[in-house]
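The primary structure of each chain is shown beneath.
2 protein chains.
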Amino acid sequence: MKYSKLFSKTNKTAPADADCINAKYLVQGGFVDQEMAGVYTWLPFGLRVLHKVENIVREEMNVLDAQEIFMPCLQPREYWETTKRWDSVDILFKIKSQTEKDYALGATHEEVVTPLAQKFIQSYKDLPFATYQINTKFRDELRAKSGVLRGREFRMKDMYSFHTNLEDLNEFYARALQSYLKVFSRCGLQVKAVEASGGIFTQNQSHEFQALTSAGEDLIIACEKCEFGQNSEVATLNEGDKCPKCGGVLNKVKGIEVGNIFNLGTKYTDAFDVNFTDENGEQKKVLMGCYGIGTSRLVGAIVETFSDDKGIIWPKSVAPFQIHLVSLGSKDATVVEQVNSTASSLHDELESAGIEVLWDDRSDISAGAKFADVDLIGIPLRLVVSEKTLRENSVEWKERNSAEAKLILSVDVIESIKSFLRS
Amino acid sequence: MKYSKLFSKTNKTAPADADCINAKYLVQGGFVDQEMAGVYTWLPFGLRVLHKVENIVREEMNVLDAQEIFMPCLQPREYWETTKRWDSVDILFKIKSQTEKDYALGATHEEVVTPLAQKFIQSYKDLPFATYQINTKFRDELRAKSGVLRGREFRMKDMYSFHTNLEDLNEFYARALQSYLKVFSRCGLQVKAVEASGGIFTQNQSHEFQALTSAGEDLIIACEKCEFGQNSEVATLNEGDKCPKCGGVLNKVKGIEVGNIFNLGTKYTDAFDVNFTDENGEQKKVLMGCYGIGTSRLVGAIVETFSDDKGIIWPKSVAPFQIHLVSLGSKDATVVEQVNSTASSLHDELESAGIEVLWDDRSDISAGAKFADVDLIGIPLRLVVSEKTLRENSVEWKERNSAEAKLILSVDVIESIKSFLRS
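Protein chains in written order, with numbering that gives the first Met the number 0: chain A, 0 to 422; chain B, 0 to 422.
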């Protein structure tokens with residue numbers, strides 16, 4: 000894609016009210032635009048990242064054999080009264096229609112998925128199953144903050160599982176936990192599965208997933224070796240203790256919550272009276288688990304984790320583009336033509352090879368301004384075509400997370416890129 | 000995918016309150032579930048169709064070089080007051096937050112995209128551009144009706160283009176019109192671009208796209224040869240007249256509206272005072288066009304167009320799966336094992352070849368009930384493995400839009416399928 004065709008642009012200065020790194024760099028880099036406090040438009044760069052994150056989530060949920068659906072944001076008041084949450088959930092947006100009907104605006108979807116599942120569950124033969132959606136959520140936060148980390152409108156993957164017995168629920172819960180670790184690992188994050196309350200074998204087990212970063216808001220007691228962790232607010236173990244899972248040493252670290260999973264037991268199936276007939280013809284309550292990942296929040300956590308004082312440093316798996324190609328100007332018009340023609344061929348060749356390339360083809364911008372944009376946007380690999388590189392039959396190669404720039408012979412560049420992207 | 004693993008299921012009977020074909024078959028076939036009037040959950044089958052339709056739309060918008068973004072559903076009251084639509088748009092859902100802020104719930108996005116575009120437009124060099132999103136829309140309809148054709152919550156692709164002059168806007172408008180015809184044609188529909196008001200060269204040009212179907216609600220005067228049409232309510236031409244574009248004969252036909260495009264002129268850029276500096280340094284108003292396709296409505300229109308008394312007949316391009324594989328039972332346990340093993344191998348082979356297959360592997364369902372589900376769900380090609388086909392080293396082949404079933408030798412089946420899918 001040519002930068003000159005892009006309608007959204009980077010900003011010279013960071014937003015004055017940015018209270019954290021992601022609010023600063025995502026806005027300044029032209030990834031998102033703040034419509035109002037806690038509400039953002041995802042611009043072309045940002046939406047590419049969000050889609051990549053959501054596709055990683057989708058792939059891992061599909062590996063669990065969870066079935067994707069898409070539930071409504073408008074939810075009837077009666078469902079929320081059935082679970083006694085209409086009045087008790089203070090962040091619930093409420094709407095009255097022209098026809099005087101009251102709706103909740105989806106802050107979560109237990110109130111939709113439970114009566115939906117009820118329609119398809121009769122006997123034990125219909126169980127277990129898991130279903131998920133990737134959708135927009137709405138929460139009437141008193142104070143939106145931290146960029147895309149805590150918004151009033153945000154993106155979420157929410158999965159719900161349904162079971163005949165606790166053993167089956169626990170088995171799925173354990174597999175979902177591993178899938179979550181896989182998702183975060185594919186996004187480049189180091190994440191601990193932190194016991195949020197209770198122990199591992201209680202019925203109301205839950206875990207929150209904490210991405211370790213010095214910019215984190217939460218304090219965690221985490222194993223240096225395995226995925227074990229405890230939120231310091233409820234921790235039963237201390238820094239220096241041995242990990243109960245693997246014997247590794249526990250450290251105190253900072254984290255950002257990027258997901259959580261809950262054994263819901265029969266909380267919602269009691270409310271909606273969701274039963275199944277077991278092998279002996281007896282009616283029993285269905286057990287449920289729920290599993291959430293805030294996908295837009297995850298993008299924010301990645302930025303908090305991977306940046307320097309110049310901008311974002313995207314992991315390859317979620318970068319908006321893989322290559323940032325820069326063509327530099329010259330006072331000599333013939334050289335400008337040669338540079339542009341070389342850059343254009345390379346751009347087309349990369350696109351043909353299925354490699355995502357952003358080509359900064361702007362002619363009225365200085366080299367310094369272009370390089371500042373490269374660092375701000377944070378694409379993993381910068382390639383420069385200039386008068387100097389043409390003389391050397393080369394392209395300048397600089398990785399975003401390295402200070403070193405080197406020349407690569409033009410004939411070797413495609414193979415070098417493929418090897419870089421595989422690594 | 001194995002049918003036995005699917006949590007959503009077909010229903011034996013149609014919903015009692017279905018007022019049209021799509022409301023009947025989409026619910027009965029397990030494509031959608033009605034949460035409340037005008038609000039649906041998209042179940043696994045339905046979401047597969049919706050995603051295919053939305054990907055066709057996405058591909059064609061990308062061909063136009065339009066840039067995908069994702070705008071908020073929550074929109075500040077002030078923007079809607081700026082365009083004087085806060086009080087005048089009666090289907091606008093309005094929300095009051097805990098902090099006493101008023102929001103509109105996105106019924107359309109001119110109020111978001113115009114001030115967004117303003118942030119990135121300074122001079123003529125920033126123009127033209129087009130941007131679009133695929134998102135959920137909300138409309139407080141007094142009466143939701145016709146299944147997914149007119150809902151209170153629905154899916155839409157909305158694109159907005161920005162220009163320095165009318166000639167440039169008209170040129171993009173004409174290209175967008177052709178892209179729309181391409182989208183509908185890829186979805187299997189015969190669609191006319193109907194003049195909704197004014198003539199072709201007035202500033203406030205608009206077209207609605209009408210899918211021709213006997214189940215349509217609108218009456219159209221349409222050319223039998225080209226895409227020309229007029230809505231009968233504003234028609235200046237009559238049945239039997241010659242088409243002003245190609246000379247073909249005009250007929251009176253029924254249609255369902257599946258999209259519309261508008262030359263907005265400076266309506267919204269006047270309201271938000273969006274200007275650009277032209278080549279002579281003068282400030283001028285930006286011109287806008289907008290272009291909408293209701294993607295969930297489009298799924299409904301496809302069902303209204305392609306069905307018979309047994310169920311849906313999906314066009315290949317948007318079918319939830321390409322193959323519906325059915326394995327039949329037998330009183331002989333050895334035969335059951337052979338049938339299942341053969342069907343399982345075929346299922347795996349098709350999936351490996353990237354062909355989407357739904358395998359009805361249920362063991363406790365009669366052949367008649369399975370075949371009724373095949374017709375209801377409407378996948379283009381049915382393949383049957385049974386005691387009889389095993390004896391003949393064959394698979395039974397029946398296309399959904401044909402009454403004829405035939406045997407194909409097992410060794411030829413993959414090649415025959417590939418050839419069928421290409422046709």
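It is possible that some hints are incorrect.
Chain copies aren't distinguished; within one or between two, either way the pair holds.
[Unchecked claim] Calculated pairs, DSS-like style, for lysine-lysine (alpha carbon to alpha carbon, straight line, at most 25 Å): (1) Lys118 - Lys309; (2) Lys93 - Lys23; (3) Lys417 - Lys283; (4) Lys241 - Lys369; (5) Lys284 - Lys330; (6) Lys8 - Lys118; (7) Lys309 - Lys1; (8) Lys369 - Lys330; (9) Lys266 - Lys397; (10) Lys136 - Lys93; (11) Lys315 - Lys284; (12) Lys83 - Lys309; (13) Lys136 - Lys83; (14) Lys124 - Lys8; (15) Lys124 - Lys244; (16) Lys118 - Lys11; (17) Lys224 - Lys241; (18) Lys124 - Lys369; (19) Lys241 - Lys309; (20) Lys136 - Lys23; (21) Lys93 - Lys144; (22) Lys284 - Lys100.
Calculated directly from the structure, the hints in this document are not laboratory data.
For each hint, the structure was consulted:
1. Within a single copy, Lys118 and Lys309 get their C-alpha atoms only as close as 53 Å, which misses the 25 Å cut-off; across copies the closest is 23 Å, which meets it.
2. In this homomeric assembly, Lys93 and Lys23 never come within 25 Å of each other (Cα to Cα): the closest approach is 31 Å inside a single copy and 31 Å across copies.
3. With identical chains, the CA atoms of Lys417 and Lys283 are never at most 25 Å apart, being 55 Å at best within one copy and 47 Å at best between copies.
4. In this homomeric assembly, Lys241 and Lys369 never come within 25 Å of each other (Cα to Cα): the closest approach is 50 Å inside a single copy and 58 Å across copies.
5. For the identical chains of this complex, Lys284 and Lys330 are neighbours neither inside a copy (77 Å) nor across copies (35 Å), given an alpha-carbon limit of 25 Å.
6. For the homomeric pair Lys8 and Lys118, the shortest alpha-carbon distance between copies (9 Å) is at most 25 Å, but the shortest distance inside one copy (48 Å) is not.
7. In this assembly of identical chains, the alpha carbons of Lys309 and Lys1 lie at most 25 Å apart only when taken from the same copy (22 Å versus 50 Å across copies).
8. For the identical chains of this complex, Lys369 and Lys330 are intra-copy neighbours only, at 17 Å inside a copy versus 74 Å across copies, given an alpha-carbon limit of 25 Å.
9. When the C-alpha separation of Lys266 and Lys397 is checked against a cutoff of 25 Å, the pair qualifies neither within a copy, at 54 Å, nor between copies, at 47 Å.
10. Within a single copy, Lys136 and Lys93 get their C-alpha atoms as close as 13 Å, and across copies as close as 17 Å, so both meet the 25 Å cut-off.
11. Within a single copy, Lys315 and Lys284 get their C-alpha atoms no closer than 45 Å, and across copies no closer than 41 Å, so neither meets the 25 Å cut-off.
12. In this homomeric assembly, Lys83 and Lys309 never come within 25 Å of each other (Cα to Cα): the closest approach is 49 Å inside a single copy and 42 Å across copies.
13. With identical chains, the CA atoms of Lys136 and Lys83 are at most 25 Å apart within one copy only, with a shortest distance of 20 Å there and 28 Å across copies.
14. In the homo-oligomer, the alpha carbons of Lys124 and Lys8 lie at most 25 Å apart only across protomers (13 Å), although the nearest pairing inside one protomer, at 54 Å, exceeds that limit.
15. Taking the shortest alpha-carbon separations for Lys124 and Lys244, neither the intra-copy value of 35 Å nor the inter-copy value of 61 Å comes in at or below 25 Å.
16. With identical chains, the CA atoms of Lys118 and Lys11 are at most 25 Å apart between copies only, with a shortest distance of 13 Å across copies and 54 Å within one.
17. Proximity of Lys224 to Lys241 under the C-alpha cut-off of 25 Å is restricted to the intra-copy arrangement: shortest distance 11 Å within a copy versus 79 Å between copies.
18. With identical chains, the CA atoms of Lys124 and Lys369 are at most 25 Å apart between copies only, with a shortest distance of 18 Å across copies and 61 Å within one.
19. Taking the shortest Cα distances, Lys241 and Lys309 never come within 25 Å of each other, neither inside one copy (39 Å) nor across copies (65 Å).
20. Taking identical chains as interchangeable, the C-alpha atoms of Lys136 and Lys23 lie at most 25 Å apart only when both belong to the same chain, with a minimum of 23 Å there against 29 Å between chains.
21. In the homo-oligomer, the alpha carbons of Lys93 and Lys144 lie at most 25 Å apart both inside one protomer (22 Å) and across protomers (23 Å), since each shortest distance falls under that limit.
22. For a Cα distance limit of 25 Å, the shortest separation of Lys284 from Lys100 qualifies neither inside one copy, at 31 Å, nor across copies, at 42 Å.
Violation of the numbered hints given earlier is confined to hints 2, 3, 4, 5, 9, 11, 12, 15, 19, 22; the remaining hints are satisfied by the structure.
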